[in-house]
Structures are given as C-alpha cells and as structure tokens.
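Asks: Construct all of the structure, not just a fragment, from the sequences and the given hints.
The sequence shown runs 1 to 230 under UniProt numbering.
No wet-lab data here; the hints were simulated from the structure.
Any given hint could turn out to be false.
Said to hold, decoys possible - Cβ pair distances, simulated, as ranges: (1) N83 with K221: 39 to 49 Å; (2) E216 with E183: 14 to 24 Å; (3) G162 with R72: 18 to 28 Å; (4) Q61 with L152: 13 to 23 Å; (5) K221 with Y144: 17 to 27 Å; (6) V63 with N214: 26 to 36 Å; (7) D55 with N147: 35 to 45 Å.
We put the beta carbon where it would ideally sit given N, CA and C, even for glycine.
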Amino acid sequence: MLTIIRSVLFKICVVFNLGDTNMYLTVMNRFYEIKDVGSREFLAAMDIYREAFPDYERHAQQVIEDRIVSGRELLFVAVDENNSVGLMALVWDLKGTDFIVLDYLAVASSTRGQGIGGQFMEFINQWVLEHNKILLFEIEHPDYGTNTEQRLKRLVFYERYGAKKIEKLIYYLPNLAEGAPKEMLLMTIPPVKISAELLKQAVGEIYLHLYGLNEEHDLVKRFNQQIGGF
Numbered sequence: 001m002l003t004i005i006r007s008v009l010f011k012i013c014v015v016f017n018l019g020d021t022n023m024y025l026t027v028m029n030r031f032y033e034i035k036d037v038g039s040r041e042f043l044a045a046m047d048i049y050r051e052a053f054p055d056y057e058r059h060a061q062q063v064i065e066d067r068i069v070s071g072r073e074l075l076f077v078a079v080d081e082n083n084s085v086g087l088m089a090l091v092w093d094l095k096g097t098d099f100i101v102l103d104y105l106a107v108a109s110s111t112r113g114q115g116i117g118g119q120f121m122e123f124i125n126q127w128v129l130e131h132n133k134i135l136l137f138e139i140e141h142p143d144y145g146t147n148t149e150q151r152l153k154r155l156v157f158y159e160r161y162g163a164k165k166i167e168k169l170i171y172y173l174p175n176l177a178e179g180a181p182k183e184m185l186l187m188t189i190p191p192v193k194i195s196a197e198l199l200k201q202a203v204g205e206i207y208l209h210l211y212g213l214n215e216e217h218d219l220v221k222r223f224n225q226q227i228g229g230f
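Replies: Structure follows, in structure tokens:
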C-alpha cells in the first residue's frame with residue numbers, strides 16, 4: 001500500500017557543469033508512507049538502508065517488516081517523477097509519550113547532493129507539527145570518533161532545520177553486532193525544553209522497544225546516571 005502523505009511536490013534544481021555550459025535539471029519528489037512490505041518501494045528502501053548503514057547499526061529486514069506491519073514503525077520514502085526511491089526514513093512512535101523517534105534516515109547514493117535530505121527535514125517538521133509531537137533523534141557525537149568535521153557538518157545541517165541538541169547528555173547507541181556502543185548526541189524538533197523525567201522515560205522506551213534492553217542493562221543505567229545531573 002502506497003499512502004500519500006503530502007500532495008505538495010518538492011522541487012529542486014540540480015546543476016551539472018559541462019565545461020563552458022551548465023545544464024539545469026529540475027527534480028520533483030513526493031513523500032509517501034509505505035505499509036506494504038512486499039511493494040517495490042519497500043524493497044528499494046531496504047536497498048538504501050543496507051547501503052547506508054553498517055551491520056552493527058542495522059536490524060534484520062524481517063524485524064523492520066514486523067514493525068511496519070504492526071503499525072509501531074512508519075516508513076517514509078521520497079519518490080521522484082521517474083518513480084525512483086531516493087530516500088528512506090523509519091520513524092517510531094513512542095506510545096504514551098509526546099515523542100516520535102527518527103530511527104533511521106538515509107539517502108540513496110545516486111541522489112546525494114541534490115537536496116533531498118533537506119526536503120525531508122521540511123516535510124518531517126510539518127508532519128511533527130500537524131501531529132503535535134516532538135521529534136527525537138540521535139547523531140554521532142562530535143566530541144568522539146575521528147571524523148569530527150563530518151560530524152559537525154551533520155550537526156549544523158540539523159540545526160539549520162530547527163533541531164536543538166540536548167546538552168550534557170550522551171546517548172549510547174547499542175551495537176547490534178558484537179562491539180562497543182557508539183556515543184551519540186540527542187536532538188529534538190521543535191527545540192523544546194524537556195524535563196529529566198520525561199527524557200528518562202523516552203530513552204528508556206527506545207532502549208526497551210527498539211533494542212530489547214530493560215532498565216537493568218548497563219547502557220540504560222549509564223544513561224540514567226547522567227539524568228541525575230541533568
């Protein structure tokens with residue numbers, strides 16, 4: 001099932017430099033929610049998912065299928081005028097809270113640099129506003145790792161679309177293979193002030209429902225210990 005989310009087309013202009021001549025190509029994208037896990041769009045989204053994320057950050061396709069069929073996770077895709085899928089995003093509704101979690105976001109390698117990521121941020125900003133929700137997501141913490149410049153660029157990108165980082169807290173992204181967790185920075189859209197109690201509840205729900213980790217797990221304890229000084 002292909003469910004149209006927004007009737008407004010997002011139009012971007014891509015410039016190709018051909019020596020002394022620039023060629024301008026207008027690309028139009030429309031965002032859809034995909035509910036049929038056997039559809040062409042779903043399979044294309046899974047190709048993008050596997051291409052963009054390493055094994056240790058990626059759930060098995062069957063897990064994604066089960067979540068979508070159950071209605072707990074939403075899959076959004078961007079489809080251009082040639083019916084090509086250029087972006088996929090998985091969004092998890094934290095039931096009983098004001099939060100929607102941007103679980104995964106990836107752009108196909110063939111459409112990178114065309115502004116499609118920015119289009120999605122405009123779309124999801126409007127979607128969150130219409131549903132009276134707070135978008136919660138994580139990015140790689142710029143104070144860790146070796147690709148600092150890349151991480152800072154990603155931070156600036158999300159801030160450009162209204163996201164605000166949650167200071168003084170590190171979210172530990174579980175490794176889905178065997179290995180160390182990754183230090184992440186939490187961000188929200190819109191940029192609202194969140195109480196320690198509400199944040200603890202939301203992150204606890206993420207650990208439990210997305211990763212199967214209860215409050216006795218070391219990563220959950222490490223996060224909750226920080227809340228005391230938040």
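Asks: Please go over all the hints and tell whether each is borne out by the structure.
Replies: Against the structure, the hints come out as follows:
no., hint, in the structure
1, N83 with K221: 39 to 49 Å, "47 Å, holds"
2, E216 with E183: 14 to 24 Å, "21 Å, holds"
3, G162 with R72: 18 to 28 Å, "26 Å, holds"
4, Q61 with L152: 13 to 23 Å, "32 Å, violated"
5, K221 with Y144: 17 to 27 Å, "20 Å, holds"
6, V63 with N214: 26 to 36 Å, "18 Å, violated"
7, D55 with N147: 35 to 45 Å, "19 Å, violated"
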